[in-house]
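Q: Listed here are the chains, written in short residue letters.
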Amino acid sequence: MAMTTTRKAVVTLPTDTQILITREFDAPKDLVYKAYTTPELIKRWWSGDRGVVDSVEIDLRVGGGWRYVMTANEGFEVGFHGTFREIIPDERLVCTEVFEGMPDAEAVDTASFTEANGRTTLTILVQHQNKDNRDAHINSGMEGGMNEAFDHLEQVAQSLR
Amino acid sequence: MASMARAATTADAFNAVAEPRRRQILDGLAGGERSVNELVELVHLPQPLVSKHLRVLREVGLVGVRDQGRQRLYSVVGQPLKPIHDWVKNYERSWSQAFDRLDVVLEELKNKKEENDGDDNDS
Chain A
0 MAMTTTRKAV VTLPTDTQIL ITREFDAPKD LVYKAYTTPE LIKRWWSGDR GVVDSVEIDL
60 RVGGGWRYVM TANEGFEVGF HGTFREIIPD ERLVCTEVFE GMPDAEAVDT ASFTEANGRT
120 TLTILVQHQN KDNRDAHINS GMEGGMNEAF DHLEQVAQSL R
Chain B
0 MASMARAATT ADAFNAVAEP RRRQILDGLA GGERSVNELV ELVHLPQPLV SKHLRVLREV
60 GLVGVRDQGR QRLYSVVGQP LKPIHDWVKN YERSWSQAFD RLDVVLEELK NKKEENDGDD
120 NDS
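These protein sequence lines are chains A and B, in that order. For the first sequence, the positions run 0 to 160 when numbering that gives the first Met the number 0 is used. For the second sequence, the positions run 0 to 122 when numbering that gives the first Met the number 0 is used.
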């Protein structure tokens with residue numbers, strides 16, 4: 000068994016309209032699923048280094064809604080929401096996702112949890128309706144030192160008001 | 000407008016790989032140099048179409064070519080893909096940072112679970 004693991008998300012673009020995010024965790028899948036679906040726990044990780052999570056609401060049942068809001072380091076709020084379509088606890092979670100700055104660009108996210116030797120691989124497949132929406136989604140993920148990207152995003156968000 | 004759109008698709012590597020068949024051809028070249036005929040077999044597209052896409056890929060510098068005897072062999076050139084790589088990397092980094100925090104949460108959940116299991120054994 001390899002002791003070294005890549006503790007790094009891997010993002011690929013399988014098609015023009017998709018984003019695939021993959022990451023391995025040193026924990027069984029029931030715990031990864033728990034951290035992925037429990038509001039108090041999501042608050043602690045979801046925004047990464049980009050800002051602070053203000054609220055997480057989850058109605059974890061098929062047809063139920065979810066909404067995450069964070070305040071980015073630059074001071075503006077970003078919200079995401081959607082509806083759960085399929086729930087297989089510890090295995091698979093399918094939901095819609097809308098970035099509230101681009102309300103027409105609804106994506107469908109499929110999160111899969113696969114365990115081997117006590118480690119869990121999480122894959123998130125994001126299916127967009129078209130390439131423009133997919134590309135905008137990737138651009139919105141820019142952060143860290145990339146303040147100009149956030150400024151741009153803010154301008155886009157304001158122009159949509 | 001149509002001609003402008005056409006120009007845009009071939010302007011840089013970024014647009015050149017937006018076409019799924021061109022990505023198929025690049026995948027076909029991933030294993031090493033190939034002739035046109037070998038590529039036709041690999042990607043199951045008609046030869047004129049493969050040649051057309053190869054021409055576009057060569058124009059943006061994604062594919063190189065060399066003559067070997069009577070054959071022309073095509074290969075991938077990675078450098079023009081770097082801007083695309085960099086673009087996705089920024090998105091990837093933000094997920095990596097979020098998942099690093101998720102690791103911390105998971106360590107706590109694991110410790111709690113072990114404590115609880117320990118309690119069960121004691122009782």
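Source of the hints: derived by calculation from the structure; they are not laboratory data. All values derive from a computational prediction rather than experimental measurement. Incorrect hints may appear among the rest.
Unchecked claim - Per the computed footprint, the stretches of chain A lying under chain B, defined by three or more beta-carbons under 8 Å from a beta-carbon of chain B, are: (1) 18-32; (2) 45-57; (3) 111-117.
No residue lacks a Cβ here, since even glycine has one placed at the ideal position from N, Cα and C.
Q: Evaluate each hint against the coordinates.
A: Tested hints:
1. 18-32: Contact hint for the region 18-32 of chain A vs chain B: holds, 8 residues under 8 Å.
2. 45-57: holds (count 5)
3. 111-117: As far as the region 111-117 of chain A goes, the hint is violated, because 0 residues have Cβ atoms under 8 Å from chain B.
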